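Here the protein sequences come in this chain order: L and D.
The numbering of the first sequence is the numbering used here, which starts it at 1023 and goes up by one.
The numbering of the second sequence is the numbering used here, which starts it at 1030 and goes up by one.
Keep in mind that the hints were calculated from the coordinates and are not lab data.
Here the structure is a predicted model, which means the values were calculated and not measured.
No incorrect hints appear here.
The list that follows gives simulated cross-link-like pairs (lysine to aspartate or glutamate, EDC-like), each with its CA atoms no further than 20 Å apart:
no., chain 1, residue 1, chain 2, residue 2
1, D, Lys-1130, D, Asp-1107
2, L, Lys-1115, D, Asp-1293
3, L, Lys-1119, D, Asp-1268
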Amino acid sequence: MFKILKYYLPLLLIIIVACLRVYFNCMGSVKDACLEKRESIFSDESKFPGKQISKFRERSINISRKYLPSPHSELLIGMVIGADELEKIPAFKEALKTTGTIHVVVVSGFNVSLVASLIMSVLGSKYKMRNLLISQLFTFSYSVMTGFEPPVIRAWIMGGVVSLVKYYGRDINGFTALLFTALVMIIIWPYFLLSVSFQLSFLATLGLIVFGNGIVEGLRKLFKTEAFFIEDLGTTISAQVFVLPIVSYYFGRVSIISFLVNPLVLWTVPIATVIGTFFMFVAGLSSVVAKIMSIVMYPFLNIFTVVVNYFSRFSFSSINFVLGIVPVIIYYFLVILLIFFINKKRRKSEEK
Amino acid sequence: MKRSDVILVVLVYLLFSFRGVASAGDGYLNLEILDVGQGDSILITTPNGKRVLVDGGDNYESDYEISKRIPFYSCYIDILILTHPHYDHIVGLNRIMQRCKIGTIMFNDVSFDSRDFRLFKELSSNFNIKNMYAGDIFEIDEVNFIFLWPDKKFLQNRIPDLNDMSFVFLVDYGKFEALLTGDATEKVLGRLSFNKINELTDSSLDVLKVPHHGSKYSLHKYFYSGIDPKMCVISVGKDNKFSHPYPGLVEYLNEIGCNVLRTDESGDVLIRVR
Chain L
1023 MFKILKYYLP LLLIIIVACL RVYFNCMGSV KDACLEKRES IFSDESKFPG KQISKFRERS
1083 INISRKYLPS PHSELLIGMV IGADELEKIP AFKEALKTTG TIHVVVVSGF NVSLVASLIM
1143 SVLGSKYKMR NLLISQLFTF SYSVMTGFEP PVIRAWIMGG VVSLVKYYGR DINGFTALLF
1203 TALVMIIIWP YFLLSVSFQL SFLATLGLIV FGNGIVEGLR KLFKTEAFFI EDLGTTISAQ
1263 VFVLPIVSYY FGRVSIISFL VNPLVLWTVP IATVIGTFFM FVAGLSSVVA KIMSIVMYPF
1323 LNIFTVVVNY FSRFSFSSIN FVLGIVPVII YYFLVILLIF FINKKRRKSE EK
Chain D
1030 MKRSDVILVV LVYLLFSFRG VASAGDGYLN LEILDVGQGD SILITTPNGK RVLVDGGDNY
1090 ESDYEISKRI PFYSCYIDIL ILTHPHYDHI VGLNRIMQRC KIGTIMFNDV SFDSRDFRLF
1150 KELSSNFNIK NMYAGDIFEI DEVNFIFLWP DKKFLQNRIP DLNDMSFVFL VDYGKFEALL
1210 TGDATEKVLG RLSFNKINEL TDSSLDVLKV PHHGSKYSLH KYFYSGIDPK MCVISVGKDN
1270 KFSHPYPGLV EYLNEIGCNV LRTDESGDVL IRVR
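Hey, can you work out the whole structure from these sequences and the hints?
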């Protein structure tokens, strides 16, 4: 008992602090202040550093638009720097919503991990404190450039926590790291608890941690193939388990074909993001190289665009479906129960 | 990744690489009224593949449509026409000018200030600019563009309604004629001579691009019955806040025997002429 308490006591304390922060900042008479839409200090274009970040983003948008047509350019700048320029391409925005692929056009934890792994591949060992700090600094700079939105902050803190724990030779499971990250974020910014993008990011990651491996393995056995899109299908399903009710609650519309469209297009995203990131830097130096890179990159963006547009045309692609708060709570309660029983069963079979 | 996966990826990649490459002329005059929502954008491709783009809509949809037809890495548009500087005609053109080379840009400058128009003038300064007035004609690949409005004199006055300065011109290719009217108002239609139009069209106008998305302020019964169009195309957005097109106008066009097509119902409207 003492051992368990010793292990969980720090986490328990953090939970208590987070609850107090939320209570004093988001309950009662101050509730409205918590619901206000806030701009991060990195978005204030009138002063440093928002002004410089805004210029960088503007430059990236112009570069993308100079070499690529719409909506490919908007897709790329969404993937690489998280700039939301979808208002200018309303039909494509609608297609993204209908096919449940709009998450691609925002910078997410995936981008942060991509930057971190690129830096680590240059620096070498991840078990050196100097490399860890440099990597964290670069990913922080990248996160700031992308607007420092909740999904990116989550990925940056979580990545840092996991790296640091591993550096000290300890092990940490994904769930604990995610929970710790979420609590830290709520302690610093209590209003994040009510932010839709925070909730979606947290729940999608939770789904991946809890069900990711199991579902991917199950699908591989079911379809008897190791094909790359099986992994994308598995991750889509596991993320959706937790995300769907919230999407229904907030947006009142659920995509039926997201399970089909995501595996068909998700593989293009890392390729386009990596080429696109280099493209943004190179385009300012050489227009010839930028043109060549745009030609190489375009088919990946085009596959995404064409597939999304094609599947969005079907009338059954999405349905209007609003879940109330009570069914949402019941749903999550049942999912947690399911996880509990799965874990119990797994432990029993491991003991045998 | 397994070898079969790599082959699959490469094949799909190559398949999507050649979109828009086969973009030369097909021997037909193609007049495409693009579905860009609540706005106007018309792409004319001559039999030998020269391109004239009239307006760009209020978003970037026209750029997407252009990229389907012209390879994105060598985008060239021979003539770009801005009928008048309202946002629902100009935004898409600004986007296209950011990445495409343009032969000549045709528009008339007026004392109207908007962010989009300022950007348009800034971007167009990189290209050859031509002002067009009633009576001007240009020919490209045996397709004639005959300008009927606005008068040079009219533009010298103060223009309270920008729609009044909208280009109105005839696209004439052999026996085919289409009248493109931008957002011309009832007042402008009243000043146009349908006798002159009938003379140019041999009393048989094939296509009328209905002015101003079918607004009731563009309903001029005398003019429409005078030019007697066979096909009337209304460029209009689905469930738009202006309630365009005006039902009375659609009813009247049907009454005079015009086959009415709407972009909100039919999507892109393509007219091909041999």
